[in-house]
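Model the full structure from these sequences, guided by the hints.
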Amino acid sequence: MASVLIVDDASFMRMMIKDILEKNDFDIAGEAANGQEAVELYNELQPDLVTMDITMPEKDGIEALKEIKSSSPGANIIMCSAMGQQAMVIDAIQAGAKDFIVKPFQADRVMDAINKVLG
Amino acid sequence: MSQSEYLEVFIDESQEHLQAINDNLLQLEKEPGDLSIVGEIFRSAHTLKGMGATMGFEDLAHLTHNMENVLDLIRNDQLEVTSHVMDIVFEAVDDLEEIIVDISNGGDGKQDVDAVVKHLETLQGLEPAASGEEAATAEAVQPANTINENYDEYEWTVLTQSQEQGYQAYQIQISLDEKTMLKAARVYMVFEVLEQIGDVIKSTPPADELEEEKFDFTFVVTLLTTTEADEIKQRILKVSEISSVYIKTVNIDPYKENTTKEKNQVEEKANSSPAKKQEKRKKKESSPGKKGTELNKTIRVNIDRLDVLMNLFEELVIDRGRLEQISSELNNTELNETVERMSRISGDLQEIILNMRMMPVDQVFNRFPRMVRSLSKELGKKVNLEIIGAETELDRTIIDEIGDPLVHLIRNSIDHGIEHPDVRKSSGKSEEGTVELRAYHSGNHVFIEIEDDGAGINKEKVINKALENGVVTEEDLEKMTDQQMYGLLFASGFSTAEEVTDVSGRGVGLDVVRSTFESLGGVVTVDSELGKGSLFSIQLPLTLSIIDVMLVEVAEEKYAVPLTAIIETAIVNKKEVYSAHNQKVIDFRGKVVPLVFLHEIFQVPAKDKDETDNDFYSLVIINKGEKVAGLVVDSLIGQHDIVLKSLGNYLSDVFAISGATILGDGQVALIVDTNALIK
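For the record, the sequence lines run as chains S and X.
Everything in the first sequence is counted per our numbering, starting at 611 for the first residue and increasing by one.
Everything in the second sequence is counted per our numbering, starting at -15 for the first residue and increasing by one.
Some hints could be false.
[Stated by the list, open to error] Computed far set for chain S versus chain X, every beta-carbon distance over 12 Å:
| # | residue |
| --- | --- |
| 1 | Ala612 |
| 2 | Asp619 |
| 3 | Ala643 |
| 4 | Asn644 |
| 5 | Asp701 |
| 6 | Asp718 |
[Claimed, not checked] DSSO-like cross-link-like pairs, simulated, lysine-lysine; straight-line CA separation at most 27 Å:
| # | chain 1 | residue 1 | chain 2 | residue 2 |
| --- | --- | --- | --- | --- |
| 7 | S | Lys726 | S | Lys713 |
| 8 | X | Lys222 | S | Lys633 |
| 9 | X | Lys516 | X | Lys445 |
| 10 | X | Lys558 | X | Lys575 |
| 11 | S | Lys669 | S | Lys713 |
| 12 | X | Lys568 | X | Lys608 |
| 13 | S | Lys726 | X | Lys516 |
| 14 | X | Lys445 | X | Lys608 |
| 15 | X | Lys361 | X | Lys102 |
| 16 | X | Lys445 | X | Lys366 |
| 17 | S | Lys676 | X | Lys222 |
| 18 | S | Lys628 | X | Lys361 |
| 19 | S | Lys669 | S | Lys679 |
| 20 | X | Lys198 | X | Lys163 |
| 21 | S | Lys726 | S | Lys628 |
| 22 | X | Lys14 | X | Lys366 |
| 23 | X | Lys163 | X | Lys217 |
| 24 | X | Lys217 | S | Lys726 |
| 25 | S | Lys628 | X | Lys163 |
| 26 | X | Lys163 | S | Lys726 |
| 27 | X | Lys611 | X | Lys14 |
| 28 | X | Lys163 | X | Lys186 |
| 29 | S | Lys676 | S | Lys628 |
| 30 | S | Lys726 | S | Lys676 |
| 31 | X | Lys366 | X | Lys463 |
| 32 | S | Lys633 | X | Lys163 |
| 33 | X | Lys163 | S | Lys713 |
| 34 | S | Lys713 | X | Lys463 |
| 35 | S | Lys679 | X | Lys222 |
| 36 | X | Lys198 | S | Lys713 |
| 37 | X | Lys445 | X | Lys463 |
| 38 | S | Lys628 | S | Lys713 |
Read the hints as simulated data drawn from the structure, not as lab findings.
Yeah, the Cβ is synthetic: ideal placement off N, Cα and C, and Gly gets one too.
Here it is, written out as structure tokens:
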């Protein structure tokens, strides 16, 4: 069973993803509300996958991504983005994100992305 | 590059390819078995198709596509090269030419090509009409399955080279899921995947448009890689929101690429093509790519710029003359040396500039083989056109002008000169007549000759006709040589054709031909032997704008006589002048030479000083063909390089003056048109 770390500053969004993942038998390793937390939790939990929001307080998703990638180059990170953040998404992919999903989330899209990254 | 610049290049290249097709078709007709020629034609047709499609000229693309199919059949020995096949292909080429002409005249290149396409389709054994639409609908129904990528020459070079280095080229059509939101980011991911395994050398739409999401959901990339097609596909599909991936092997052999379009399904092809490709490449090597090497050594320069350069240089020549004059007056050694050196260098420069404007007469000659072919078919005659000296060079301005009159002369030779095969047979000649078109340099002139081995000119007929039309009088005829009588053909209002054909009896007489050549400073002569053939000879100056002249003085005025017309200069005693037929003549080297007094012709006011104290006349002996005359002038100044300037539009019909020039001392000298002075 793959474990997932969910990173998003909005608890509503975390809930949605959690819901989708649980329905598909994923193990929720933990939740983080900002980039800094995300980095700390990743190092602690070493999850199989991270869903990373881009816009967050303290430290944004891309910063966090870069930090995680630098210490764990093999990290599987999927970016969660809103419409209109194309440039950032591309930055993130350059920095090593494996895929991205666009809000509002659709369950099948999310699963598709996750399965692809893990598959 | 702006669109119009594209268009210019497009037109230029199209014309080159059309010419190549024409030449090769004629070659093919001579050697129907030589399939390498078919390959050449195919390549040109294919390039044309690609270019036409890229520029959006659909009729052009459609027509070349069908031509290509027919050529493919020929190449694969499924169709024999018969005269009928050639006719249809030629017809297609004619249409292509019309399209290109239309485009270069600013048209939209639309042309009704249905008739020819139908013929071509019949050759392919297709039901006419059906295929075009079918293909169209097929494309409409299944757009996702057809990849139709065009490459330009540079891209082809890259493709070819990388294949030589062991890379395989694939065209990959990728469709995104229709719900994809950040398409650009998705495309970015695809590119990232592709770049891990190879090089993307082209994408349609181009990368910047992809970045701006200016595409629906499908885009095509060309990838150079060593990875297998299957693996590429898997890797791309790893990216989310990709709905489909089609991969097609790019056949490096340029003309293969589009014909495989319909059956593009893919990977399996990779196995069958390498052998073929190698074979093709061998062929390419055996016929060394002359275009490639030439491309490196030449640049295209707009003709206007050369004209400007020439004009500027002409100004320089005028200043040079002035400088020479000043330095000779000042008599300063250092100045003299410098000026002399400058003159020498500018002389070299002049040669180079003139050379740059020189073009081989092939530019004009290359259209004649086609013309002769269709003309002889039309007239039911057998004619072999031989072109000699097509590499002879002439000034561009002259080249531009001589095309039409030459067409006229060649038509004339074939229509009136070469007899019908049966007539030729009965008079003991081979059935096939020969027209020889020659060009060669001689001194400061280029000669172009058209010789046929046909019936020759019937002198009696010419004379009768000339008398009938009042071109000459009986009296004149008595004094005429044979050549002069043949020359009557060129007199205005003359036509000896018993029946007016639509070939050369078009109401435009040979007199127009003559006047065109004469306006270029040329001379046309005819010689003929009844039953053996005729020879039309045209003498043209190498260049028009800077000429060598003899400067002469008449009273206070200076005149320039083109050196090309001068035989020699002489000084004769006034006692040696006789009168004959109301004309003053001299006996010069055993010939009677009429004298032309320039001060009378140009009504030059006499000098104050009494002329009679001079017992001698200074003469410039000039000729026009066989005729000779002596120009009487006051003094001979010497030989000069001068720049010919026209008198402008206001002074277009000045008798015996062909232009003017500015001399070193700032004076204007008029240039004498010697042809007008000899009747």
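Here is how each hint holds up against the structure:
no., hint, verdict
1, Ala612, "holds (17 Å)"
2, Asp619, "holds (20 Å)"
3, Ala643, "holds (24 Å)"
4, Asn644, "holds (23 Å)"
5, Asp701, "violated (10 Å)"
6, Asp718, "violated (10 Å)"
7, S:Lys726 <-> S:Lys713, "holds (18 Å)"
8, X:Lys222 <-> S:Lys633, "holds (23 Å)"
9, X:Lys516 <-> X:Lys445, "holds (16 Å)"
10, X:Lys558 <-> X:Lys575, "holds (17 Å)"
11, S:Lys669 <-> S:Lys713, "holds (20 Å)"
12, X:Lys568 <-> X:Lys608, "holds (19 Å)"
13, S:Lys726 <-> X:Lys516, "violated (88 Å)"
14, X:Lys445 <-> X:Lys608, "holds (26 Å)"
15, X:Lys361 <-> X:Lys102, "holds (23 Å)"
16, X:Lys445 <-> X:Lys366, "holds (25 Å)"
17, S:Lys676 <-> X:Lys222, "holds (22 Å)"
18, S:Lys628 <-> X:Lys361, "violated (85 Å)"
19, S:Lys669 <-> S:Lys679, "holds (15 Å)"
20, X:Lys198 <-> X:Lys163, "holds (16 Å)"
21, S:Lys726 <-> S:Lys628, "holds (18 Å)"
22, X:Lys14 <-> X:Lys366, "holds (14 Å)"
23, X:Lys163 <-> X:Lys217, "holds (21 Å)"
24, X:Lys217 <-> S:Lys726, "holds (14 Å)"
25, S:Lys628 <-> X:Lys163, "holds (23 Å)"
26, X:Lys163 <-> S:Lys726, "holds (17 Å)"
27, X:Lys611 <-> X:Lys14, "violated (45 Å)"
28, X:Lys163 <-> X:Lys186, "holds (26 Å)"
29, S:Lys676 <-> S:Lys628, "holds (24 Å)"
30, S:Lys726 <-> S:Lys676, "holds (21 Å)"
31, X:Lys366 <-> X:Lys463, "violated (38 Å)"
32, S:Lys633 <-> X:Lys163, "holds (23 Å)"
33, X:Lys163 <-> S:Lys713, "holds (12 Å)"
34, S:Lys713 <-> X:Lys463, "violated (105 Å)"
35, S:Lys679 <-> X:Lys222, "holds (20 Å)"
36, X:Lys198 <-> S:Lys713, "holds (22 Å)"
37, X:Lys445 <-> X:Lys463, "holds (18 Å)"
38, S:Lys628 <-> S:Lys713, "holds (14 Å)"
Consistency with the previously given hints fails for numbers 5, 6, 13, 18, 27, 31 and 34, ordered from lowest to highest.
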